[in-house]
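Take a look at the letters that make up each chain.
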Amino acid sequence: MIKMILISLGLGFIIGYRRWISEKWIMLNGKLQTLWLVILIFVMGVGIGGNKDILHQLPALGGKAILFAIISSVGSVAVIYFISKLFFKGEEKEE
Amino acid sequence: MSILIIITLILGILTGGAIPLGEAAWLDTLSSAILLILLFSVGIDIGLNKQVFRQIKMLGFKILLIPIGVAAGSLLGGLFLSMFVQESTKECLAISAGLGWYSLSGILITEAGYPVAGTISFLSNVFREILTFVCVPFVAKYLNYYCAIAPGGATAMDTTLPVISRNTNAKVAILAFTSGLTLTMVIPFLIPIFL
Numbered sequence: 000m001i002k003m004i005l006i007s008l009g010l011g012f013i014i015g016y017r018r019w020i021s022e023k024w025i026m027l028n029g030k031l032q033t034l035w036l037v038i039l040i041f042v043m044g045v046g047i048g049g050n051k052d053i054l055h056q057l058p059a060l061g062g063k064a065i066l067f068a069i070i071s072s073v074g075s076v077a078v079i080y081f082i083s084k085l086f087f088k089g090e091e092k093e094e
Numbered sequence: 000m001s002i003l004i005i006i007t008l009i010l011g012i013l014t015g016g017a018i019p020l021g022e023a024a025w026l027d028t029l030s031s032a033i034l035l036i037l038l039f040s041v042g043i044d045i046g047l048n049k050q051v052f053r054q055i056k057m058l059g060f061k062i063l064l065i066p067i068g069v070a071a072g073s074l075l076g077g078l079f080l081s082m083f084v085q086e087s088t089k090e091c092l093a094i095s096a097g098l099g100w101y102s103l104s105g106i107l108i109t110e111a112g113y114p115v116a117g118t119i120s121f122l123s124n125v126f127r128e129i130l131t132f133v134c135v136p137f138v139a140k141y142l143n144y145y146c147a148i149a150p151g152g153a154t155a156m157d158t159t160l161p162v163i164s165r166n167t168n169a170k171v172a173i174l175a176f177t178s179g180l181t182l183t184m185v186i187p188f189l190i191p192i193f194l
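Chains A and B, in that order, are what the protein sequence lines are. Heads up: the first sequence at position 67 corresponds to 66 in numbering that gives the first Met the number 0, and the numbers run straight through without jumps. Heads up: the second sequence at position 26 corresponds to 25 in numbering that gives the first Met the number 0, and the numbers run straight through without jumps.
Do not rely on the hints blindly, as some may be mistaken.
[Claimed, not checked] Under the rule of at most 30 Å between Cα atoms (straight-line distance), these lysine-lysine pairs were calculated in the BS3-like manner:
| hint | chain 1 | residue 1 | chain 2 | residue 2 |
| --- | --- | --- | --- | --- |
| 1 | A | K88 | B | K140 |
| 2 | B | K49 | A | K23 |
| 3 | B | K140 | A | K23 |
| 4 | B | K49 | B | K140 |
| 5 | B | K89 | A | K51 |
| 6 | A | K2 | A | K30 |
| 7 | A | K2 | B | K56 |
| 8 | B | K49 | A | K2 |
| 9 | B | K49 | A | K88 |
| 10 | B | K140 | B | K56 |
| 11 | A | K30 | B | K49 |
| 12 | A | K84 | B | K61 |
| 13 | A | K84 | B | K56 |
| 14 | B | K49 | A | K84 |
In short, the hints are calculated from the structure, not lab data.
From just these sequences and the hints, can you work out the full model?
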């Protein structure tokens, strides 16, 4: 899968870098991206909703799992916030 | 963006719960296919920004600070939680070392002889991915672009990369990908360290 990911990103990158597509398609690409993203999230949702393992374990361990998800994400964001202020100063939101 | 993602996700979960699809292996194939199309599209966006590689080159070793920070922050979170739950410190660290890679973390921890912690890790990393979809637009807007890389952990190289890319810029998208890739290579070694 990692190989496929690299190929997809790489092919797209070359096409973008060499400007093999017109402005019109560039605009369309941005719009389509949101559409693909929505479809992907929907399909992943279907997978989660239909996963019996998740549904069975959820009542007993779901609360703790959510706690771990939130606290470890908050920890990651907090550390990256400090790193960005220390090492990536002034470039946090540049275009 | 977030609202759209939340609604789509809920609709998807409800659909999955309502329609018995059985052992839907084709569902994984379908989501992989859509993911690859999406990443192709993200690749075009990144390529359009000609300065991006020069910017990344200028960062040098600092690129690695991102995955190191993401992992360290996550483990700190696990350490913090170990004070409040009955699971041992090492189990809590292993759970939070999953960094969004739910399939691997669940299996590794379960096989090490901790089935409950393994299940918690599996579920929490599923939730972490969902949480990332929902919170990245907010984090990018109210904190900064670099912080938007953090919640995704290892998934920043694939499933959550499009959300990060959509809400930040080409440079941060590349940093997110390299961070996710680095973490993906490290996690198989990181989890067993704690067990």
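So, going through the hints one by one against the coordinates:
Pair hint K88 of chain A plus K140 of chain B holds up; C-alpha atoms about 17 Å apart against a cutoff of 30 Å. For the given pair, K49 of chain B sits about 19 Å from K23 of chain A by alpha-carbon distance, which is consistent with the 30 Å threshold. Among the hinted pairs, K140 of chain B with K23 of chain A is consistent with the structure: their alpha-carbon atoms are about 28 Å apart, no more than 30 Å. Proximity of K49 of chain B to K140 of chain B is assessed by CA-CA distance (about 24 Å); at most 30 Å being required, the pair is judged to hold.
Straight-line distance between C-alpha atoms of K89 of chain B and K51 of chain A comes to about 28 Å, which keeps the hinted pair within the 30 Å bound. Among the hinted pairs, K2 of chain A with K30 of chain A is consistent with the structure: their alpha-carbon atoms are about 26 Å apart, no more than 30 Å. A threshold of 30 Å between alpha carbons decides the hint, and for K2 of chain A with K56 of chain B the separation of about 23 Å falls inside it, so the pair holds. Taking the CA atoms of K49 of chain B and K2 of chain A, the gap is about 24 Å. The hint holds against a cut of 30 Å.
Restraint check for K49 of chain B and K88 of chain A: the C-alpha separation of about 22 Å stays at or below 30 Å, so the hint holds. Taking the CA atoms of K140 of chain B and K56 of chain B, the gap is about 26 Å. The hint holds against a cut of 30 Å. Between K30 of chain A and K49 of chain B the CA atoms are separated by roughly 21 Å; this keeps the pair inside 30 Å, and the hint holds. Using a Cα cut-off of 30 Å, the hinted pair K84 of chain A and K61 of chain B holds, with the two alpha carbons roughly 13 Å apart.
Note on K84 of chain A and K56 of chain B: the hinted pairing holds, with a Cα-Cα distance of about 19 Å set against a maximum of 30 Å. With a C-alpha separation of about 26 Å, the suggested pairing of K49 of chain B with K84 of chain A holds against the 30 Å cut-off.
Checked against the numbered hints listed earlier, the structure breaks none of them; every hint is satisfied.
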